[in-house]
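Chains as they are written, first to last, in numbering that gives the first Met the number 0: chain A, 0 to 121; chain B, 0 to 171.
Since the hints were made in silico from the structure, they are not lab data.
If you're wondering where the values come from, they're calculated on a predicted model, not measured in any experiment.
Keep in mind that a hint or two might mislead.
In silico DSSO-like pairs for lysine-lysine, Cα to Cα no more than 27 angstroms straight-line [what the hints assert, rightly or not]:
1) 102/B <-> 46/A
2) 46/A <-> 98/A
3) 10/B <-> 84/A
Some chain B residues near chain A, calculated using beta-carbon distances under 7 angstroms [to be verified]:
4) 19
5) 69
6) 72
7) 73
8) 74
9) 77
10) 105
11) 108
12) 111
If you want the footprint, here are the derived chain A segments under chain B, 3+ residues with CB under 8 angstroms [to be verified]:
13) 41-54
14) 99-112
The beta-carbon is built from N, C-alpha and C at its ideal position, and this holds for glycine as well.
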Amino acid sequence: MISASILYGRLSRSLAFSRRHARIGATALLLCAAGVAQAHNPMADCKSVEGENIQCTGGFSDGSGAPGVTLDVISYDEEILVPGKLDENSRITFARPDKDFYVLFDAGPGHVVEIDQSEIPQ
Amino acid sequence: MSSHDTVSRWKRWRFHLSALMLILPIAFMPQYFHRVALFSGDLGLGQRVIGEQTVGPWSVRLAEFEERPPELDGGAGYMKTFSLALCDGCESSIRAMYLRVGKPRSLRTAGAIFFGSPYRQTASVPIPDGTTPDAMLWLTAEGWDGSVHHASIPLATASPTTAGWLRKRGGR
Numbered sequence: 000m001i002s003a004s005i006l007y008g009r010l011s012r013s014l015a016f017s018r019r020h021a022r023i024g025a026t027a028l029l030l031c032a033a034g035v036a037q038a039h040n041p042m043a044d045c046k047s048v049e050g051e052n053i054q055c056t057g058g059f060s061d062g063s064g065a066p067g068v069t070l071d072v073i074s075y076d077e078e079i080l081v082p083g084k085l086d087e088n089s090r091i092t093f094a095r096p097d098k099d100f101y102v103l104f105d106a107g108p109g110h111v112v113e114i115d116q117s118e119i120p121q
Numbered sequence: 000m001s002s003h004d005t006v007s008r009w010k011r012w013r014f015h016l017s018a019l020m021l022i023l024p025i026a027f028m029p030q031y032f033h034r035v036a037l038f039s040g041d042l043g044l045g046q047r048v049i050g051e052q053t054v055g056p057w058s059v060r061l062a063e064f065e066e067r068p069p070e071l072d073g074g075a076g077y078m079k080t081f082s083l084a085l086c087d088g089c090e091s092s093i094r095a096m097y098l099r100v101g102k103p104r105s106l107r108t109a110g111a112i113f114f115g116s117p118y119r120q121t122a123s124v125p126i127p128d129g130t131t132p133d134a135m136l137w138l139t140a141e142g143w144d145g146s147v148h149h150a151s152i153p154l155a156t157a158s159p160t161t162a163g164w165l166r167k168r169g170g171r
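In isolation and in its complexed conformation, chain B is listed as follows (with noise of 0.2 angstroms):
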């Protein structure tokens, strides 16, 4: 085989490779413009609607924002992310939402604060070492009155991804 034919061949597969290069995003297009509706609320709070939860005056529609396990982000641990909307009419009432696994002791500690407008507002709410499955999510509302309201959820409920992947994890 002479040089002259390798250099073609190259070029040849350069140019297929170049053609490849260009329609290989196409295969991801579908999945790219879900994630950007997904993220830019066209396609509403989240993947998983929870429903309706009554918050001491208030109420809120919570949704799970994507239906899948936590993710780890470093040393913070696990965290799964959630989303909200806050009542029609409540919304300059509210001061603040928050979120957390297990019973809050404070304010202070009334776990991950949800950001974003009043209709629509995300979370991450870390996944503590040692979670079970059957165990309660947190709902604390701080109104601009100074007074806070507490409600609570089965997580088994509110994500049952996150109830599966933590059963599949035996309590660690």
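Okay, chain A solo, but in the shape it has when bound (with noise of 0.2 angstroms):
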């Protein structure tokens, strides 16, 4: 019976130490995470690849991917020569245009980026 107290003193002492270190080790953990909210601004590079084609890639600078997003290849007439979504692995390929153009990584009105041509080297 009194070793069974003994063990049973030990026991709660001992659940009763990890508790605090939990509880010290869920407020730092809290307090590093206060400083992690991050901006979730728009991103995206093309560059060349396999002779004529282009290989663009979007995302977003929190690091998420952005599979489905539209990308147009627009030419400086304003015409779309490629219509485009990124694929699920936030990417999409298509052949350099005979026109002058741009591309435009389209995430809704205000979250856009603009790249011009002359930005991808052949």
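Given two chains presented individually in distinct reference frames, assemble the corresponding complex, making use of the accompanying hints.
Rendered as structure tokens:
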């Protein structure tokens, strides 16, 4: 009986100790998480691949991808040359147009990235 | 030195350390309350009011939200935040306001959209690589009637801090 109560005492002390540590840990985690809020600005990048093709990748500055988001290739006279959507890897590949063009990653009004053809090395 | 002395010294230091941890945040209080006032609008539109800008039939009061250089936002590049207030009585006529560096090709490329109440909206404007200190900021107003109006303002007037930062970077 005596040894059982000693064992119970030790156990409860150890539980209280680990609970206190858990509380300290949780507080530290919350304090760290407080500064983790990130911006969500659109970003896009295009490069030449396989001869005359161009590959563009879209996403957001918080690291999230953009599968299914619109990426259009538009001529300087505002004709849509390639109406595109990014694939599941947030990429799209298209043939370099013959006309002067720019690429528009369009994640909604005011959330766009424009890349001029001069910014895509051949 | 006995182990008892070491323990009691550590306990004393632990007490002072705890007191320091309580006092330390007080030093940051003025800065904290300044930022709270800025973000809540108690300090007005922003740290530096640029002035009244006419855009088509409307006007807006434009401000630099914080008087400091653009901030890097990962792969999205450098961003600079501006704020504005729509003119009295035109709140219900304006659908959206946009701001960007350089003349927009179309409404789709009008730049960053302002969000918030008509009396205080903000937008984070990307500052593209290669922007020069003499670049122009283009403000676009889209009306509910479908009309689109533009106005431009020198970046150096809108944000001398950003122009100075660009000058230091040398067009990178």
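Going through the hints against the structure:
1. 102/B <-> 46/A: holds (25 angstroms)
2. 46/A <-> 98/A: With a Cα-Cα distance of about 17 angstroms, the restraint between residue 46/A and residue 98/A holds, given a limit of 27 angstroms.
3. 10/B <-> 84/A: violated (64 angstroms)
4. 19: violated (17 angstroms)
5. 69: Hint on residue 69/B: violated, closest Cβ of chain A at ~12 angstroms, above 7 angstroms.
6. 72: Interface hint status for residue 72/B: holds (5 angstroms vs cutoff 7 angstroms).
7. 73: Hint holds; residue 73/B Cβ to chain A Cβ min 4 angstroms, cut 7 angstroms.
8. 74: Given a least distance of 4 angstroms, the restraint on residue 74/B holds.
9. 77: violated (11 angstroms)
10. 105: holds (6 angstroms)
11. 108: Nearest chain A Cβ about 5 angstroms off; hint holds.
12. 111: holds (6 angstroms)
13. 41-54: Answer holds; 3 residues pass the 8 angstroms Cβ test.
14. 99-112: Contact hint for the segment 99-112 of chain A vs chain B: holds, 8 residues under 8 angstroms.
Hints 3, 4, 5 and 9 from the list above are not met by this structure, while the remaining hints are.
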